[in-house]
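J.: Starting from the known structure of chain A, fit chain B onto it as the hints suggest.
Protein chains: 2
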Amino acid sequence: MFEDTQIVALIVQKYGGTSVGTPERIKHVAQRVAKFKAQGHQVVVVVSAMSGETNRLIALAKEIQPNPDPRELDVVISTGEQVTIGLLSMALKQEGLQARSYTGAQAQIVTDSAFNKARIVSIDEENIRTDLENDKVVVLAGFQGVDEKGNLTTLGRGGSDTTGVAIAAALRADECQIYTDVDGVYTTDPRMVPEARRLKSITFEEMLEMASLGSKVLQIRSVEFAGKYKVRLRVLSSFLDDPGEGTLITFEEDNKMEQAIISGIAFNRDEAKITVRGVPDKPGIAYQILGPVSDANIDVDMIIQNVGVDGSTDFSFTVHRNEFTKAMEILKNQVQPHIGAREVIGDDKTAKVSVVGVGMRSHVGIASKMFRTLAEEGINLQMISTSEIKISVVIDEKYLELAVRVLHKAFGLEQEDA
Amino acid sequence: MFEDTQIVALIVQKYGGTSVGTPERIKHVAQRVAKFKAQGHQVVVVVSAMSGETNRLIALAKEIQPNPDPRELDVVISTGEQVTIGLLSMALKQEGLQARSYTGAQAQIVTDSAFNKARIVSIDEENIRTDLENDKVVVLAGFQGVDEKGNLTTLGRGGSDTTGVAIAAALRADECQIYTDVDGVYTTDPRMVPEARRLKSITFEEMLEMASLGSKVLQIRSVEFAGKYKVRLRVLSSFLDDPGEGTLITFEEDNKMEQAIISGIAFNRDEAKITVRGVPDKPGIAYQILGPVSDANIDVDMIIQNVGVDGSTDFSFTVHRNEFTKAMEILKNQVQPHIGAREVIGDDKTAKVSVVGVGMRSHVGIASKMFRTLAEEGINLQMISTSEIKISVVIDEKYLELAVRVLHKAFGLEQEDA
Numbered sequence: 016m017f018e019d020t021q022i023v024a025l026i027v028q029k030y031g032g033t034s035v036g037t038p039e040r041i042k043h044v045a046q047r048v049a050k051f052k053a054q055g056h057q058v059v060v061v062v063s064a065m066s067g068e069t070n071r072l073i074a075l076a077k078e079i080q081p082n083p084d085p086r087e088l089d090v091v092i093s094t095g096e097q098v099t100i101g102l103l104s105m106a107l108k109q110e111g112l113q114a115r116s117y118t119g120a121q122a123q124i125v126t127d128s129a130f131n132k133a134r135i136v137s138i139d140e141e142n143i144r145t146d147l148e149n150d151k152v153v154v155l156a157g158f159q160g161v162d163e164k165g166n167l168t169t170l171g172r173g174g175s176d177t178t179g180v181a182i183a184a185a186l187r188a189d190e191c192q193i194y195t196d197v198d199g200v201y202t203t204d205p206r207m208v209p210e211a212r213r214l215k216s217i218t219f220e221e222m223l224e225m226a227s228l229g230s231k232v233l234q235i236r237s238v239e240f241a242g243k244y245k246v247r248l249r250v251l252s253s254f255l256d257d258p259g260e261g262t263l264i265t266f267e268e269d270n271k272m273e274q275a276i277i278s279g280i281a282f283n284r285d286e287a288k289i290t291v292r293g294v295p296d297k298p299g300i301a302y303q304i305l306g307p308v309s310d311a312n313i314d315v316d317m318i319i320q321n322v323g324v325d326g327s328t329d330f331s332f333t334v335h336r337n338e339f340t341k342a343m344e345i346l347k348n349q350v351q352p353h354i355g356a357r358e359v360i361g362d363d364k365t366a367k368v369s370v371v372g373v374g375m376r377s378h379v380g381i382a383s384k385m386f387r388t389l390a391e392e393g394i395n396l397q398m399i400s401t402s403e404i405k406i407s408v409v410i411d412e413k414y415l416e417l418a419v420r421v422l423h424k425a426f427g428l429e430q431e432d433a
Numbered sequence: 016m017f018e019d020t021q022i023v024a025l026i027v028q029k030y031g032g033t034s035v036g037t038p039e040r041i042k043h044v045a046q047r048v049a050k051f052k053a054q055g056h057q058v059v060v061v062v063s064a065m066s067g068e069t070n071r072l073i074a075l076a077k078e079i080q081p082n083p084d085p086r087e088l089d090v091v092i093s094t095g096e097q098v099t100i101g102l103l104s105m106a107l108k109q110e111g112l113q114a115r116s117y118t119g120a121q122a123q124i125v126t127d128s129a130f131n132k133a134r135i136v137s138i139d140e141e142n143i144r145t146d147l148e149n150d151k152v153v154v155l156a157g158f159q160g161v162d163e164k165g166n167l168t169t170l171g172r173g174g175s176d177t178t179g180v181a182i183a184a185a186l187r188a189d190e191c192q193i194y195t196d197v198d199g200v201y202t203t204d205p206r207m208v209p210e211a212r213r214l215k216s217i218t219f220e221e222m223l224e225m226a227s228l229g230s231k232v233l234q235i236r237s238v239e240f241a242g243k244y245k246v247r248l249r250v251l252s253s254f255l256d257d258p259g260e261g262t263l264i265t266f267e268e269d270n271k272m273e274q275a276i277i278s279g280i281a282f283n284r285d286e287a288k289i290t291v292r293g294v295p296d297k298p299g300i301a302y303q304i305l306g307p308v309s310d311a312n313i314d315v316d317m318i319i320q321n322v323g324v325d326g327s328t329d330f331s332f333t334v335h336r337n338e339f340t341k342a343m344e345i346l347k348n349q350v351q352p353h354i355g356a357r358e359v360i361g362d363d364k365t366a367k368v369s370v371v372g373v374g375m376r377s378h379v380g381i382a383s384k385m386f387r388t389l390a391e392e393g394i395n396l397q398m399i400s401t402s403e404i405k406i407s408v409v410i411d412e413k414y415l416e417l418a419v420r421v422l423h424k425a426f427g428l429e430q431e432d433a
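Protein chains in written order, with my numbering: chain A, 16 to 433; chain B, 16 to 433.
Treat the hints as calculated values from the structure; they're not laboratory data. One should not assume that every hint holds.
Short derived list, chain A residues pointing at chain B, Cβ under 10 Å [as the list claims (entries may be wrong)]:
no.	residue
1	L72
2	L75
3	I79
4	P81
5	R86
6	V98
7	G101
8	Q109
9	V154
10	N166
Non-contacting residues of chain B with respect to chain A, defined by C-beta distances greater than 12 Å in every case (computed) [said to hold, decoys possible]:
no.	residue
11	D127
12	E239
13	S252
14	N312
15	V322
16	D325
17	I345
18	K364
19	I406
Just so it is clear, CB atoms sit at the ideal spot from N, CA and C, and this is done for glycine as well.
In isolation and in its complexed conformation, chain A is listed as follows (with noise of 0.2 Å):
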C-alpha cells in the first residue's frame, strides 16, 4: 500500500456509487484523496453516478419510452457520474486541494459505439497528465465515453471499474484502487457463506473467473483491461476508516510459495439456460445457432456440444436471464427453421456454481470432488464446463446457496492463509 511509504506515487483511485452516495460520502472520499495528497502523490479519482441515480433516471426514461433509444438512453444516464465529478470537485477544492473534473469527452475517452455497452478504444490522457503534474487532483467521470462521432456512450453496468483501470493503464499508474462496499474478495459470497474469508491476493486469472462467474467485487472488463496492461490492481472498502490492504490482484501467480488449490467458489444467480435439440451435425452449425444471437447484442456465457448421435446433436448454452426471452425467440422463429432443428427448450431458473484456482492444474480430483460433493446433497448437474482454472456446473436455481455452501467447505476455504 502507498498510503504507508514515502514513495510519490501516481494512483487511480475508483469510487463507487454508495462511496459517493449522499453529499457526507462525497465529502468523506475528498478527506481520503487529501491524505494521499498530502503523503506527495498525484491522484486521479474515477466516480460513478451516487446510488440510486442511474436506476432514477432509467425508470425515468422508462416512463417515456418502454424500450428507451439506445443513443438517447445514454444521454440520459450519462448525467449520473457528471453531477459527480463536479461535486466531488467541490468537495476537493473545500478541502483546500485544487482538483478539475473530466466528463467522458473532456478527457477523449473514445468508445465504439454500441451504445449501453460500448467499449474503450483510447483515451487521450495528455490533459490530465498536465493537470497532475500541475498539483491538481483530476476527477474523472467513470461509465462514460464518447465515439468518434462525437455521441456519447456508456459502458455498461460496472463500466466505471474499466474506466478507472483504462486511465491508470494509459497513464501507467503505480496503482488502481477499486473503493467498494467490500473490503476485499473473498472466497465466496460473505452474505452467503459466513466462513468466506479475504484473499490477501489472487491472480489475474482467478479473478476473471470469479467476475465473470458473478462474484460481483470488479467487473470482467476492467480485470482484463488489467491483465493487458499489467495494471496493479488492489480492491479496499471505502467505509473504513482505516481501509486495510484489501486483496491485490497479482499478475504472478508464482509469487505464492505455498499456491492453494482453489481461491474461491464463485456463483452466478441470473444464468438461463437453452438448448437447441436435434441439430444436424455439420461444420458450422454453432455458428449458425450463435451468430443470429450474437447479432443481437446478447453475451452468450457457457456454451456446450455434446458428440451426436446419428448424424444429430443437441446444442445448449446459457445467457443472461433477462436476456431470455428475447434469445428464445431468435432461436425459434429464426434459428430452428432456418436450421432444420427438432426444438428449442429454455429453463430461466437456473444458477451457475463454480470453483476457481489456478493450482488445480497441478492437481487431480478437483473435479470428482466437487460432483461428488454436490451428489450426496441430491444437486442435479443440468450442464458441465471446464477450464484449465474453473470447473462451472448449472444447477437448479433453488439449490444455489446450499451448493455454495457445502462446496467452500469440503474445499477448506474457511482456513488462513498459509
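T.: Chain B only, in chain A's frame:
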C-alpha cells in the same frame, strides 16, 4: 402562425422547465412537435431542465461547498438539460418520428469562459441542418455551451431562451416560438392586475424594456439576440391545447397603424438601491465607483448622478437584491476610502416600476401623468430614470402592487387593441 398554413417552414420551438416538468408533459411536447412535423415543417426543439431540477442540483452543490466553484457548478447543473433532451428524443421516437439530441457541446455552442453566465460566441449548425434535411427533429439542450478549451459552461438563468434564439439565428429559421406558462406578453403581470391584457404584438424595443424590467416572459439577452439577428419571435402557452397566436415580437414598430401610447407596466421587485454620498465631482469618478462593482460581476441597473453642489455630488445606482450585500462591502471597503466619499448608504426594500411604449416618443405628458398618478396615492419617488421609450421610478417595495394597478388603469391598458 405557421401552424395554420401550408407553408413549409423551419421552426425553432423552445420549451421551459414547467413545459417539460414531468414525463407526461414531455409526451405532450412530443405530440405538439408531431403536429408540426405532420404539416411538413422542419423543427428544432430547445429545452430547459425539468422544473425544479436546476434548483435541486444547486442545493446539492451548496451542501458540498457553500459557494460552489463556478466551473464545477456548470458541470453539475448542465446535466439538467441533458436529461431532458434524451427524454424528449425518446418521446419523439415513441411518436414515430426520427429525432436526435444535442448537448450544447455537441452542437458546438461555443461561449466565452464566464462560468454560470457565459455568452454565446458561435454555433456550428451544420450537423443540425443535415439532420433537419434528413427529416429528423433536432432536440437541443438550452442554457449550456462549451468554451474554446472544452469546459462546460451555462448561460445563466433563462439562458434556454437565448439558446433558442441563437440557433434560430444560425439556421435562419422562419420563426422562434417560445412556449412558456403564459400565453403571451401582457400589459402587466395578470397575477397582480386581473385586467391585464395580452398584446397581439410588441416591438423589440418595448420587449427589451419589459424583459429587463422584470417582466419574466423572456430573458433579455434572448430578445437582444433576436433583434440583432432579426429572428421572428413568438411567445405562446405550452399548456393550452390550442396555444393560439400568443404575442409576436416585431421589428417594425410602424406596422401598427395606431400605435398605443404605452404598451405595458413593467416592474421589478428584486431591486436594491445604493447611494454613495459626498463624492468629489470630478471626471472619472463614475468609473472609479462602478469599476470594482463590475469587476465583481455584479450587474448594475439604473444609474443616477445629480448635478454637484460645492464640488461634491451623490451617486446612486441599483443592483439585484441578491448582490446587495456584496456590492455594499465592495463600496465600503474598496471604493469609499479610495475616492474619499462621505458615506455609502443602501436600501434593499425597494422596487422599480416602469411605463414602456414606443408611442411615448411622440406624446408629451406621459411622465407627468405617471408622477401625478403615483403622487395621488402618496407614493414617494426615490429615483427616476428615463429613456426614449420608458420611464422608471424606484419606490418603497410595499407600494409596488398599488403603483402597478393605478398606472395600468391610468394609461387605459385594460382596453382592447385598436
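J.: Can you list which hints this structure breaks, lowest number first?
T.: none
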